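What the sequence shown shows, in the working numbering, is residues 16 to 761, in sequence order.
Hints listed in this document are in silico derivations from the structure and should not be mistaken for laboratory results.
Since we're looking at a predicted model, the values are computed, not measured.
Hints are supplied without guarantee of correctness; some may be wrong.
Said to hold, decoys possible - In silico DSBU-like pairs for lysine-lysine, Cα to Cα no more than 30 Å straight-line:
no., residue 1, residue 2
1, Lys687, Lys376
2, Lys303, Lys376
3, Lys476, Lys444
4, Lys455, Lys595
5, Lys337, Lys353
6, Lys210, Lys443
7, Lys438, Lys493
8, Lys443, Lys393
9, Lys393, Lys476
10, Lys496, Lys296
11, Lys393, Lys296
12, Lys444, Lys296
13, Lys212, Lys455
14, Lys493, Lys635
15, Lys210, Lys196
16, Lys212, Lys196
17, Lys455, Lys493
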Amino acid sequence: MLVDYPDIFTNLNEITNHPTIINTMSDHYERVKIELQQMKAVESEAAADKEQLSPASVTTVPAEVSFAARRDLSRSSINGRSRSKSRSKADGHERQVNGKQLSDLTPQKSDYSQEKGQSRLSNEQNIKGTLRLLKGKTAANSHVESCQREKDLKCEHHGKEDGSKVAKKRRAVTVDTSKAKTSLEALKMSIRQLKWKEFPMGRRTACDIYWHGVSFHDNENIVSGQVNKFPGMIEMLRKINLSRAVRTMQELFPEEYNFYPRSWILPEEYQLFSTQIRLLKDNDSTLKPTFIVKPDSGSQGDGIYLIRDPADLRVISGSQIKQAVVQEYIQKPLLIDKLKFDIRLYVLVRSLEPLEIYIAKEGLSRFCTEPYQEPSQKNLSHVFMHLTNYSLNVHSGNFVHSDSCSTGSKRTFSSVLYRIASKGVDIKKVWSDIIALVIKTVIALVPELKVYYQADIPPGKPGPTCFQILGFDILLMKNLKPVLLEVNANPSMRIEHEQEVSPGVYEYVPSPVDEEVKVGVIRDTLRLMDPAQRKHVTSNTEGGSPEDAIVVETGSDEKESLTDSLPSLCLKQVFPKYTKQFNYLRVVERIAAIFLRFLGVKGTMRLGPTGFRTFIRNCKLSNSSFSMASVDILYIDITRRWAGMLPDSREAGMSLQAFIEAFFYMAARRFKAVLLREQVLLLLEVCEGALEGQSHSHSHSEKPRPQRSHPTQSSAPNAFSSPALTRRHHLRHQPLQLSAKANTEN
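Sequences are here, hints too, so could you generate the full structure?
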């Protein structure tokens, strides 16, 4: 709303003697020049009858009003002529003050190409005439004006410098989308909202960000920028490797990792699975457990089925058993409207070193399309009842596509939380448990991810940095305990779905629920990965604590939004924010650091026999009872067995998983009187101490000692009744306990 000047000042003398007006006219003269230049730029793009800004001769409009007027002008160039036609008569009036003409700061319809010369002449004459009138009033006012003008020129000079700095800092970020697939539409929308530059066909010169569709290797030979995939993430999140990674953590921290159901890996543990189930049923004939079978390389629910007996396994093909995971099935899930559902949460791993994890504040709830019943021999094949996969249920006749976020077969997670909160449930506790589940799972994956990362991007080699959005599939049990179903390396980011408009004819229809959740996740991931933003955060947090980094980062993310229209970040940082609560779990990561130290050849992921012997010698682990001959036998035995369990491996040597087993064996052999977790921690102290001493004596640069965690830092009770010499030994002697904590579907 413009200021009505005659109501404020009663005569021209009051106006001309008022220093604020003098200052404002000086400002306004410069503003007129800028606005005329802007109108010239608009002319080349806009039609002849688009709106244009007719600057006022004299005005004391505040800065924010002036900005709003310029913003309206920009919008009018997009919106077209209808708005200018409707407003030209109503807003084109002029006022008279003591014989001087004052034009309001409003858009007016005119042919700019014909009138620009007259408009400039008229405006400059009005301003100059007004300035001459004011200059002739008093010497005092002239002195004030002179001082103020000098001050304004200085401010203008600094303002131009600041503006150039901002412009330079906010250079449009370039994004290569040539390899993007299912996320393409949401990605394009996000780039437009951020006003960045998209290169859909790629670019000869380097881009700031490369958005791949499947893996890190979608584009080869990237030596700079940032890639939205980590090397090895696809391999690590296959069902067998995820189960192995979590199982290792379950050996060390069984209570902390009880969110992942008990599982058996086929074919290597087929006999173990059969034996344990038979013994279980022999001991209690009333027990009728249910298991879910997931092919290792399956996706979107493909090949998943339920069984009640090992003899029902379909994965046996001739004399060979296909690779798969068998897990306990959760028989008492939380139901809404009598339907089973799961939660898809999006998690951003921003970096591995240092470890940074973000969780999206909003997710998806995906519902089955058939009312749930506890599994029985009659309903085991009812996939619409037991499996929550969208890709399966979308083919059900009961699937409901809804424009509402709180109804239909796919809803927002927040709508589910509101629903259960209305029944008195503490949803903060639910969120807290989910955050803990996510952090613990990522911590289990990091050790081997670092091995993959170093193999593709060795230290000192030019290469991009990496980040990745993961899809966590989580089930809430009836008691609201979250259970991890699986983690997806390439979660679908489609924001539309297929709909049959006529028999056999399908078209893509926008999905409001998907768009609300997924566009925000991609957009805010890009905001966090903005090269200028990351540099700013690094410079501000250098030398500070992780907690300080979080505060600075959050503030800078929100303050430096590229446009006023962008909402606050939908991604919440959970690590290193909660480092103190979870850092003690990073034991296997310390073992992986030792493994990487002795790999030797850059680009390899397997430790050779020489490297293993060097590790034993440097850490001073051999003695009279554990000779180097015993070391060689241990290496050969474990490496051969793991080579059989990892048939796809093209490299010879000891993998990280085999090295961890050997490390556990040596820890149990050396420290016999304590639990496995304490054995491993004590052996880590021995190894890290020896390596640090060598670093001091043989190198001029001191190698930082890895942060250590003490057994007393764990709040979980000790759950091992006897030490495990190897992973296989531990699994064979661990009692089978089937309960509602068991597993469910994909």
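Point to revise | Hint consistency between lysine 210 and lysine 443 [alpha-carbon to alpha-carbon, up to 30 Å] | key: 36 Å, violated
Practice item. Below or equal to 30 Å on CA atoms is what counts here, so check lysine 493 against lysine 635. Key: Distance of about 51 Å is beyond 30 Å: violated.
Practice item. Would you check the hint for lysine 210 and lysine 196, treating anything up to 30 Å between C-alpha atoms as holding? Key: The hint holds at about 21 Å.
Review point. Is it true that the CA of lysine 496 sits at most 30 Å from the CA of lysine 296?
Key: Distance of about 27 Å is within 30 Å: holds.
Practice item. Could you grab the alpha-carbon distance between lysine 212 and lysine 196 and see if it respects the 30 Å cut-off? Key: 18 Å, holds
Review point. Within 30 Å, alpha carbon to alpha carbon, are lysine 476 and lysine 444?
Key: 44 Å, violated
Point to revise | Holds or violated: lysine 393 to lysine 476, with C-alpha atoms at most 30 Å apart | key: Between lysine 393 and lysine 476 the Cα gap is close to 58 Å, so the pair fails against 30 Å, i.e. violated.
Point to revise | 30 Å limit on alpha-carbon distance, applied to hinted pair lysine 455 and lysine 493 | key: 22 Å, holds
Review point. Does lysine 303 pair with lysine 376 here, judged by a C-alpha cut-off of 30 Å?
Key: 39 Å, violated
**Study point:** Pairwise hint evaluation, lysine 296 against lysine 393, where the allowed Cα distance is 30 Å at most
**Key:** Given that 30 Å is the threshold and the Cα spacing comes to 20 Å, the pair holds.
Exercise for review: For the pair supplied as a hint, lysine 337 and lysine 353, confirm whether the alpha-carbon distance does not exceed 30 Å.
Suggested key: Distance ~35 Å between lysine 337 and lysine 353 Cα, so the pair is violated.
Check your understanding: Is it true that the CA of lysine 444 sits at most 30 Å from the CA of lysine 296?
Key -> 36 Å, violated
Violated hints, in rising order: 1, 2, 3, 5, 6, 8, 9, 12, 13 and 14; the structure is consistent with all others.
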